[in-house]
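Each protein sequence line maps, in turn, to chains A and B. Just so you know, we're using the working numbering here: the first sequence kicks off at 362 and counts up by one. Just so you know, we're using the working numbering here: the second sequence kicks off at 3 and counts up by one.
It should be emphasised that the hints constitute simulated quantities derived from the structure, not laboratory data. All values derive from a computational prediction rather than experimental measurement. It cannot be assumed that every hint is accurate.
When the alpha-carbon atoms are kept at most 35 angstroms apart in a straight line, the in silico DSBU-like pairs for lysine-lysine are as follows [stated by the list, open to error]:
{"no.": "1", "chain 1": "B", "residue 1": "274", "chain 2": "A", "residue 2": "519"}
{"no.": "2", "chain 1": "B", "residue 1": "274", "chain 2": "A", "residue 2": "563"}
{"no.": "3", "chain 1": "A", "residue 1": "519", "chain 2": "B", "residue 2": "445"}
{"no.": "4", "chain 1": "B", "residue 1": "328", "chain 2": "B", "residue 2": "362"}
{"no.": "5", "chain 1": "B", "residue 1": "445", "chain 2": "B", "residue 2": "362"}
{"no.": "6", "chain 1": "A", "residue 1": "503", "chain 2": "A", "residue 2": "563"}
{"no.": "7", "chain 1": "A", "residue 1": "519", "chain 2": "B", "residue 2": "362"}
{"no.": "8", "chain 1": "B", "residue 1": "274", "chain 2": "A", "residue 2": "363"}
{"no.": "9", "chain 1": "A", "residue 1": "519", "chain 2": "A", "residue 2": "363"}
{"no.": "10", "chain 1": "A", "residue 1": "503", "chain 2": "B", "residue 2": "328"}
{"no.": "11", "chain 1": "A", "residue 1": "519", "chain 2": "B", "residue 2": "328"}
{"no.": "12", "chain 1": "B", "residue 1": "81", "chain 2": "B", "residue 2": "109"}
{"no.": "13", "chain 1": "A", "residue 1": "563", "chain 2": "B", "residue 2": "328"}
{"no.": "14", "chain 1": "B", "residue 1": "274", "chain 2": "B", "residue 2": "328"}
{"no.": "15", "chain 1": "B", "residue 1": "328", "chain 2": "B", "residue 2": "398"}
{"no.": "16", "chain 1": "B", "residue 1": "398", "chain 2": "B", "residue 2": "445"}
{"no.": "17", "chain 1": "A", "residue 1": "503", "chain 2": "A", "residue 2": "519"}
{"no.": "18", "chain 1": "A", "residue 1": "563", "chain 2": "B", "residue 2": "362"}
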Amino acid sequence: MKILLVEDNDRVAQFVRNGLTEEGHTVDCADNARSGLFLATTASYDAAIIDRMLPDGVDGLQIVESLRRTGNRTPILILSALAEIDDRIRGLRAGGDDYLTKPFAFGELLARVESLVRRSQGTGIRTVLVVADLRMNLLSHKVERSGRPVPLQPREFKLLEFLMRHAEQAVTRAMLLENVWEHHFDPHTNVIDAHVSRLRQKIDDGFSPPLLHTVRGVGYRLGVHG
Amino acid sequence: MVKPLQSTSVRLAVGYAALFAVSSLLLVGLLWWRAGADFDRWTDAAITADAAEISDQLQDAGVRGAMQAIHVHATNVGKRGVYLLADRALTPLAGNLSVWPEQAAPKPGWYWAQLSRDGAVHNVRLLRTSLAGGLNLFVGRDLGDRAEVSGLIADTLSWAAATALVLGIGGGMLVHRAVLRRVEMINDAATAIARGDLSRRVPFHDGGDAFDRLARTINQILFQIQELVEGVRNTANVVAHDLRTPLAELRARLEELCRARPRDDAVVEEIKQAVADIDRVIGVFNALLRLAEIDSGVRRSAFVPVELAALATEVVELYTPLIEEKRASFIVDAPAGLSVNGDSHLLAQAIGDLVDNAVKYTPRLGAVSLRIAPSIAGYVEIVVADNGPGIADAEKPLVTQRFYRCRETDGEAGIGLGLSIVDAVARLHEGSLSLCDNHPGLKAVLRLPTATSIGAASP
Numbered sequence: 362m363k364i365l366l367v368e369d370n371d372r373v374a375q376f377v378r379n380g381l382t383e384e385g386h387t388v389d390c391a392d393n394a395r396s397g398l399f400l401a402t403t404a405s406y407d408a409a410i411i412d413r414m415l416p417d418g419v420d421g422l423q424i425v426e427s428l429r430r431t432g433n434r435t436p437i438l439i440l441s442a443l444a445e446i447d448d449r450i451r452g453l454r455a456g457g458d459d460y461l462t463k464p465f466a467f468g469e470l471l472a473r474v475e476s477l478v479r480r481s482q483g484t485g486i487r488t489v490l491v492v493a494d495l496r497m498n499l500l501s502h503k504v505e506r507s508g509r510p511v512p513l514q515p516r517e518f519k520l521l522e523f524l525m526r527h528a529e530q531a532v533t534r535a536m537l538l539e540n541v542w543e544h545h546f547d548p549h550t551n552v553i554d555a556h557v558s559r560l561r562q563k564i565d566d567g568f569s570p571p572l573l574h575t576v577r578g579v580g581y582r583l584g585v586h587g
Numbered sequence: 003m004v005k006p007l008q009s010t011s012v013r014l015a016v017g018y019a020a021l022f023a024v025s026s027l028l029l030v031g032l033l034w035w036r037a038g039a040d041f042d043r044w045t046d047a048a049i050t051a052d053a054a055e056i057s058d059q060l061q062d063a064g065v066r067g068a069m070q071a072i073h074v075h076a077t078n079v080g081k082r083g084v085y086l087l088a089d090r091a092l093t094p095l096a097g098n099l100s101v102w103p104e105q106a107a108p109k110p111g112w113y114w115a116q117l118s119r120d121g122a123v124h125n126v127r128l129l130r131t132s133l134a135g136g137l138n139l140f141v142g143r144d145l146g147d148r149a150e151v152s153g154l155i156a157d158t159l160s161w162a163a164a165t166a167l168v169l170g171i172g173g174g175m176l177v178h179r180a181v182l183r184r185v186e187m188i189n190d191a192a193t194a195i196a197r198g199d200l201s202r203r204v205p206f207h208d209g210g211d212a213f214d215r216l217a218r219t220i221n222q223i224l225f226q227i228q229e230l231v232e233g234v235r236n237t238a239n240v241v242a243h244d245l246r247t248p249l250a251e252l253r254a255r256l257e258e259l260c261r262a263r264p265r266d267d268a269v270v271e272e273i274k275q276a277v278a279d280i281d282r283v284i285g286v287f288n289a290l291l292r293l294a295e296i297d298s299g300v301r302r303s304a305f306v307p308v309e310l311a312a313l314a315t316e317v318v319e320l321y322t323p324l325i326e327e328k329r330a331s332f333i334v335d336a337p338a339g340l341s342v343n344g345d346s347h348l349l350a351q352a353i354g355d356l357v358d359n360a361v362k363y364t365p366r367l368g369a370v371s372l373r374i375a376p377s378i379a380g381y382v383e384i385v386v387a388d389n390g391p392g393i394a395d396a397e398k399p400l401v402t403q404r405f406y407r408c409r410e411t412d413g414e415a416g417i418g419l420g421l422s423i424v425d426a427v428a429r430l431h432e433g434s435l436s437l438c439d440n441h442p443g444l445k446a447v448l449r450l451p452t453a454t455s456i457g458a459a460s461p
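With the hints as extra help, turn the sequences into a complete structure.
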C-alpha cells in the first residue's frame, strides 16, 4: 500500500515510516501542511495519516477539509495530541475516517490504517459474510459454523460482524470498543477480553480449526491462519 | 430558581406599599388630631370671652346688666350657645337652660358634659364660674358642630388614605416590575454561565445606577471566570502537546528497540515493562485532563436529555461477561422513562466506573446490583452495590479526593481517580455521589436531578 504521512515530529515520523515500511508499505512523508497538501493532491494514496498540530500553527484538520472539499476520498487517519471527546468528534466531522491520540502503539496505528483501507475497498453492500466455514447472514441475523447454527446475543453479533468485516486483520481492543459499543469510555478492566473469550467459546469450541486468534500486544484477529 | 427571586421582589414591592400606606395614614391621623385640637381651642376661647363679658356687665350694671348680656349673647350665638345665670341657691335667673345642671358640673371649672335640651341629649363644652355676689354662671357651646366638622374631615382624610394606598400598591408593583426585570437579566446571564456558556454577559446601561454597577461588577467576574477556564483549557492543550509528544517519542523509541528483537529476552521484558509504565503515565494524564475538562463546566453547554435505562443497559451488558467470570450474581433494576439532562458520554463513564469498581471488589460468587429509581422530588438515584470489602467509614470522604487509594486495595490495579471522576461528573450535573455501607460491601449512590426538574427551571 502507498501511504502519506504528514507529521512534523521527526522521531515519530521516522518511527511510523520504519514500522510501515517493515510491514511492506510505501510511505511518503511531509513535515508541514503545505507539502502534505501538495503530495495528497498530486499523487494517489491508499491512506493518509495526518497530524493535527503542524508547524506555523496550522491544524491538520485544514488539510483534511481541503481534500474533502475537492472530492478527494482517500481514507484519512487523524493523529493528535488532543484527546478530549470533542476533539475526536471535530476530527471525524472534518472528514477524517478515524482518530488516534498520541502517544500510540504502532500495532494500534497499523491495525487502524489497514482497517481504513479495507473499509474503503469494500465492494457494495454485502448481505453475507464468510470466513472459512463460518457464515453470517446480515439480513436474517443468523450465524452458522459448518452448517450448525450458532446462537448469539445482539452485542456478540455486532462484535463478530466487526471481526468478520476485518477478517485476516488485526483489530485492537480500542477499535472494538469504539466500533461495537456506542459509548466508548475507558473501561479500566479487561472487559473486551471477557467478551471476546465468550464469543470464542461459541464459534470455536467443538470446531476445527480455531478462527479467533489473540495477537500479542495488539488485540485479536479472525481468520484461518493463526 | 425563579421562585425565591420573584418572592424577593414581591416582598420588596409589598414592603414599599405598606410603608407608603402606613406613612400616609400617620399623616392623615395627625391632620385629624390637629383639626380637632384647633376646634377645641376656638370653642374654649369663645366661652372664656363670653364669660368675661358677662362678668364685666355684672360689675358695671349689676344683675340686670348681666341678665341683659346673657339675653343678647343667647340671641346672637343661637342654639349653639348655652348660658345660665343662677343665684346663691342655684335658682336660674336668666339663660336658655331651665334647670341648673349641678350633677354635670359640681364645682367651678371646665367640663365635657351631656345636657338634655329640647328633648335631645347634646354634647356640650361647659365653663362654670362663680361671680361677684355669690352668683353662679354657666357658659357653654353645643359640640354638635364639632362632630359634623370632624366627620367631614374624617371622610376627606379616609378618601386621601385610600388614594394613598392605591398609589402605594401601584408604585410597589412598578418597583417590583423594574427590580424583577433587572434581577432577572442578571439571573439569566448567571444561569447561562453556570450551564457552560461562558461568553454571556449581563446587559447594562451607561447610566450607572446601582444595578448597572452590579452588572458591571458581575461582568468583570464573568470575564475572569472565562479567562480562568480558557487558561485551564489552553494549559491542558499546551501540556497535551508538550507532554504527549515527548511521550510519543519515548514510546516510539522503546517500541522500535523491541521490534529490533534484541537477543536477550530479559531486555525485551524490561522494554515492555517500560512501555507499560509509559502507558500508565498516559492513563493518569488522560484522567487528569478529563477531570479538568469536567470541572471547567464547559460540557454543560452540550447537555441533552439522556435516558438512564438505555445507558445502564449498555454498561450492564459491557460488564456482564466479567461478572459471569467471577460467578457473581448481577441484579439490574433499571425501569425505562427516567431521564436526566446531561452528557451521555460522561454519564456512561460514571456508571461504568461504579460498576467497574463493584465488579473489581466483589468476591467470587458475590453479588453486584445496579438500581435506578426516582429519589426525593426531582431527583433520580443510580445505586451500584457490591458485597466486597467495602470502604471504612473514616475513608469514605477521602476516596473521592484525587489520587487517594484505600489502604487495603493497594494491590489492585487503578490510579485512584475513578471515584474522583464519578464525583466530578455528579457535580457537573448538579447532583451528588454518596458512599454508604452495604453490610457488607459498598453502596454507591449517584443522585442526579431529573430532566424535567432542570427543564422547568430554564425559561
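Checked hints:
1. As the CA atoms of residue 274 of chain B and residue 519 of chain A are separated by approximately 32 angstroms, the hinted pair is consistent with the 35 angstroms bound.
2. For the suggested pair residue 274 of chain B and residue 563 of chain A, the alpha carbons sit about 32 angstroms apart, so the restraint of at most 35 angstroms is met.
3. Simply put, residue 519 of chain A and residue 445 of chain B have alpha-carbon atoms about 33 angstroms apart, close enough for the 35 angstroms limit, and the pair holds.
4. As the CA atoms of residue 328 of chain B and residue 362 of chain B are separated by approximately 10 angstroms, the hinted pair is consistent with the 35 angstroms bound.
5. The straight-line distance between the Cα atoms of residue 445 of chain B and residue 362 of chain B is roughly 14 angstroms, inside the 35 angstroms bound, and the hint therefore holds.
6. With a C-alpha separation of about 13 angstroms, the suggested pair residue 503 of chain A and residue 563 of chain A falls inside the 35 angstroms cut-off, and the hint holds.
7. Of the supplied pair hints, the one linking residue 519 of chain A and residue 362 of chain B holds, its CA atoms being roughly 26 angstroms apart against a limit of 35 angstroms.
8. Among the hinted pairs, residue 274 of chain B with residue 363 of chain A is consistent with the structure: their alpha-carbon atoms are about 30 angstroms apart, no more than 35 angstroms.
9. Between residue 519 of chain A and residue 363 of chain A, the direct Cα distance comes to roughly 31 angstroms. Compliance with the 35 angstroms bound is thereby established for this hinted pair.
10. Taken as a hint, the residue 503 of chain A and residue 328 of chain B pair is honoured in the structure, with Cα atoms around 30 angstroms apart against an allowance of 35 angstroms.
11. Taking the CA atoms of residue 519 of chain A and residue 328 of chain B, the gap is about 24 angstroms. The hint holds against a cut of 35 angstroms.
12. The hinted pair formed by residue 81 of chain B and residue 109 of chain B meets the criterion: a straight-line CA distance of about 25 angstroms does not exceed 35 angstroms.
13. Restraint check for residue 563 of chain A and residue 328 of chain B: the C-alpha separation of about 19 angstroms stays at or below 35 angstroms, so the hint holds.
14. Annotation: proposed proximity of residue 274 of chain B to residue 328 of chain B holds, straight-line Cα distance about 29 angstroms (limit 35 angstroms).
15. Between residue 328 of chain B and residue 398 of chain B the alpha-carbon distance is near 26 angstroms, which keeps this suggested pair within the 35 angstroms criterion.
16. Between residue 398 of chain B and residue 445 of chain B the alpha-carbon distance is near 11 angstroms, which keeps this suggested pair within the 35 angstroms criterion.
17. Using a Cα cut-off of 35 angstroms, the hinted pair residue 503 of chain A and residue 519 of chain A holds, with the two alpha carbons roughly 12 angstroms apart.
18. Note on residue 563 of chain A and residue 362 of chain B: the hinted pairing holds, with a Cα-Cα distance of about 25 angstroms set against a maximum of 35 angstroms.
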